[in-house]
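Which chain is which? The protein sequence lines are L and D, in order.
Residue numbers for the first sequence follow our numbering, so the first one is 1 and each next one is one higher.
Residue numbers for the second sequence follow our numbering, so the first one is 1 and each next one is one higher.
Everything labelled a hint here was simulated from the structure, so no lab data went into it.
Think of the CB as a built atom: it goes at the ideal place given N, C-alpha and C, for glycine as much as any other residue.
Keep in mind that a hint or two might mislead.
[Stated by the list, open to error] Partial list, computed: chain L residues near chain D (C-beta under 8 Å):
#  : residue
1  : H54
2  : L59
3  : T60
4  : T78
5  : A80
6  : R87
7  : F92
8  : N98
9  : L100
10 : R106
11 : D107
12 : A110
13 : V111
14 : A112
15 : F126
16 : L130
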Amino acid sequence: MSSPPVIEIHDLRKTYRVGQVDVPALRGVDLTVQSGDFLSIVGPSGSGKSTLFHIIGGLTPPSSGKVRVMDLDLSALTDAGRTRLRRRTVGFVFQKFNLLPNLTARDNIAVARYLGEGNGKPDPQFEEILRLLGIAQRLDHKPNALSGGEQQRIAIARAVVNHPAILLADEPTGNLDTANSKAVLEILRDLNERTGQTILMITHNNEAAAYGHNTVHMRDGQIVERT
Amino acid sequence: MIAKLVLENLKHRPMRSLLSVLLIAVPVTLILSLVGLTHGMSEDTQNRQRGVGADVIVRGSTTTSAITFSPASIPEAIIGVIEQQPHVKLALGVINHNVDLPLVVTGVDMARFNQMTGGFTYLEGHGLEADDDILLDRYVAEQKKVHVGSKIKVLNQTWNVAGIIDTGKLARMAVKLNVLQDLDAAHGKVTQIYVKADDPANIPLVVKELQKLLPTYSVETMAELIAAFAPEKTPGVKEFTTVVVVIGVVIGFFVVCLSMYMAVLQRTREIGILKALGADKSFILGIILGEALVMGIGGTLAGIVLSYGAYGLIRALVPTLSMIVVMSWWPIAGLITLLGAALGSLYPGWNAATHDAIEALSYE
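Next comes chain L alone, as it looks inside the complex (with noise of 0.2 Å):
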């Protein structure tokens, strides 16, 4: 008997008020993401693709559809309950790594770890992540310090330290170079095949697509193939 899906989505609508006008950023996807899958998602700017990850990731509510993640219906939770979705089910990568500033890699990891779990220290087997990540003697860096691609591993990790069901990576090599955009797509890789991670990623990269298992393009707020 196979397991259910992680993410299950229908007719998934979302509309942004924009001063008096109604903007359509969904019109209608559905999305079935099984447990271990590597997504893409491509599409031009203003396909949906970031809107279509903020619902997953609890940060906006749709308007309209079914969207399960995990067995939670996202339609019926508050605000509250988005919160604690994001804490523990959820971890974002994103194009501008999104490092807090102030606080070493260390501490950035160990903020993570503390809205998660209440506790700023990583479980062992965070080690190994660390060790896949390579990052492991740069953690009393402070952003500032660190090279754009050791950033995006630093993100990485506080993405995936608390063991979520879903990593939601948005444009994750965009701000890199060649080099650290395929180390960062690697590592990507890596954890999906090795921890059975989940990943959507959202790319304009076709080389970058190909490192997941399929390929989910969208146009006009829907989903207009399956690869």
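Using the hints, position chain D against chain L.
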């Protein structure tokens, strides 16, 4: 973890943190200086009254409180009548004349004064001999920069500084009783009469007798008079202190509100990051409130240090203004500051806590 974030945030912008702390310190310094002045002046007056060594005081019929001086309205002859009462050992009449507040020139009969108090302690010079002699306590001498033999103008008269006395007995400035009576056109009159009982146990009897003898005058024990000089019993001091405390809370409120509002604007993206990591409203509010409270504590400590500076400055510029450091007011000033800081952080804190995470993350 909140403590770590608070400290790192404060360290990240040290100049903003330092300026905020210094601004918060200003009302703390104001409060502590005001309290130091009121307590110091009360304590000084109490010490000088205690230094007379009297047990009972008789004052004019128009006296309304401890710090008011009635005109010289008591006939000097009453001193002799008082001395004839049972259990009265000695009576001393003095005349007071306000100069520049809080300075008062006191006219004394040196022989009786010496008998009652044991006499002044002379740091320089000697007692009142000539009619133009004046005695100054060391703080007045320091403030007016004079020594024995200097000429000094007081009450539009030129006086010869005959002696510099230690403070703590009745007067800061003393002249002969009859000389001041002449100047005030109060021949044969005194402002108040100090009375010494033959035994402390008989003080209530003496008070009772004198009240019967002088029903229109104010007769009270020296203990009552000294207690009435306490700051909280001095008219207006309580209200004035309340006003300064309210100003302290208001300044603390605005400084912290402005500082934290700026901080929240500068850290919009970081707030978005924390929200993406699962920080709830209370966590974000806790960081802002924590920063405000740390700045409040820093401001209190800086204010205490600055109050010592104010103390030194006042001692140097106006030695006759007796200021003391009132440590019991440190926690009160701290609580006032923390209240202002906490209130001031609520709006920016709530603003940060309710930021939309997506908007915050896209903030450049």
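Status of each hint after checking the structure:
1. H54: holds (6 Å)
2. L59: holds (5 Å)
3. T60: holds (6 Å)
4. T78: At about 11 Å, which exceeds the 8 Å cut-off, the nearest Cβ of chain D leaves the hint on T78(L) violated.
5. A80: Given a least distance of 7 Å, the restraint on A80(L) holds.
6. R87: Where the cut-off is 8 Å and the nearest Cβ of chain D is about 3 Å from R87(L), the hint holds.
7. F92: Since the shortest Cβ distance to chain D is 5 Å, the answer is holds.
8. N98: holds (5 Å)
9. L100: At about 6 Å, which falls below the 8 Å cut-off, the nearest Cβ of chain D leaves the hint on L100(L) intact, so it holds.
10. R106: violated (11 Å)
11. D107: holds (6 Å)
12. A110: holds (7 Å)
13. V111: holds (6 Å)
14. A112: holds (5 Å)
15. F126: The hint is violated - F126(L) has no Cβ within 8 Å of chain D, the shortest such distance being about 16 Å.
16. L130: violated (18 Å)
This entry does not satisfy hints 4, 10, 15 and 16, going by the numbered hints stated previously.
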